[in-house]
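Engineer: The hints should help you fit chain B onto chain A, whose structure is shown.
So the sequence lines, in the order shown, correspond to chains A and B.
End of the first sequence sits at 113 in my numbering; the numbers just go up one at a time, nothing left out.
End of the second sequence sits at 115 in my numbering; the numbers just go up one at a time, nothing left out.
It should be emphasised that the hints constitute simulated quantities derived from the structure, not laboratory data.
In this text, all values refer to a predicted model and were calculated from it rather than measured experimentally.
Each residue gets a CB set at the ideal place from its N, CA and C atoms; glycine is no exception.
It is possible that some hints are incorrect.
Only some residues are given here: those of chain A computed to face chain B with a beta carbon under 7 Å [what the hints assert, rightly or not]:
#1 Tyr-33
#2 Glu-41
#3 Ser-106
#4 Gln-109
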Amino acid sequence: NAGVMQNPRHLVRRRGQEARLRCSPMKGHSHVYWYRQLPEEGLKFMVYLQKENIIDESGMPKERFSAEFPKEGPSILRIQQVVRGDSAAYFCASSGQGGEKLFFGSGTQLSVL
Amino acid sequence: AQSVTQLGSHVSVSEGALVLLRCNYSSSVPPYLFWYVQYPNQGLQLLLKYTSAATLVKGINGFEAEFKKSETSFHLTKPSAHMSDAAEYFCAVSDVGSSASKIIFGSGTRLSIRP
Numbered sequence: 001n002a003g004v005m006q007n008p009r010h011l012v013r014r015r016g017q018e019a020r021l022r023c024s025p026m027k028g029h030s031h032v033y034w035y036r037q038l039p040e041e042g043l044k045f046m047v048y049l050q051k052e053n054i055i056d057e058s059g060m061p062k063e064r065f066s067a068e069f070p071k072e073g074p075s076i077l078r079i080q081q082v083v084r085g086d087s088a089a090y091f092c093a094s095s096g097q098g099g100e101k102l103f104f105g106s107g108t109q110l111s112v113l
Numbered sequence: 001a002q003s004v005t006q007l008g009s010h011v012s013v014s015e016g017a018l019v020l021l022r023c024n025y026s027s028s029v030p031p032y033l034f035w036y037v038q039y040p041n042q043g044l045q046l047l048l049k050y051t052s053a054a055t056l057v058k059g060i061n062g063f064e065a066e067f068k069k070s071e072t073s074f075h076l077t078k079p080s081a082h083m084s085d086a087a088e089y090f091c092a093v094s095d096v097g098s099s100a101s102k103i104i105f106g107s108g109t110r111l112s113i114r115p
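The shape of chain A in the complex, shown without the other chains (with noise of 0.2 Å):
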């Protein structure tokens, strides 16, 4: 009875290269929804994806970022050319058809040197 599941835990990458962040739902849900916590801040909403579809990105930076969640597979977050200030938790939760009660998974710790 697996949650909601993230990888990696903790991510470290160079200035400049690609973050690929990765999330997978819980069973039997379809909806996908990411959030960045930045140190002693709440987390902020980026993306709301339902299979094959973004439905709101109005939280996700103009550029370098993206997020998509195939018919298969995990929902991926991926941040292109990554800068420092890209550090940060990234949650993902899921919820069923009805969208109120998320589900969140443990995060990834995005360092960036």
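Structural biologist: For chain B alone, kept in the frame of chain A given last:
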């Protein structure tokens, strides 16, 4: 625009003492209000949720929160702290009936429990 403010980034109480974590919200429409807890190395878990029914909401692990419209507050309390309550707590707000993508989180309060 909606927002939540959590007063105190860090609260420390003795085991057995009252826990009070403060949250004030700003919303132009009746909101949904949430408290989430994050234990070390884990994702957030929903503690309780206010949806305009009873103003006193009971959650898991003995926590409860009271919605006070006149004070725009939704403080979280527990009568007697336990060591296992040590965690980070997040207050959140959203519009009634909106999707989870519209939930706005506070900056969190880290709760420490002294033996």
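Engineer: Hint numbers the structure violates, sorted upward?
Structural biologist: Violated hint: only 4; rest satisfied.
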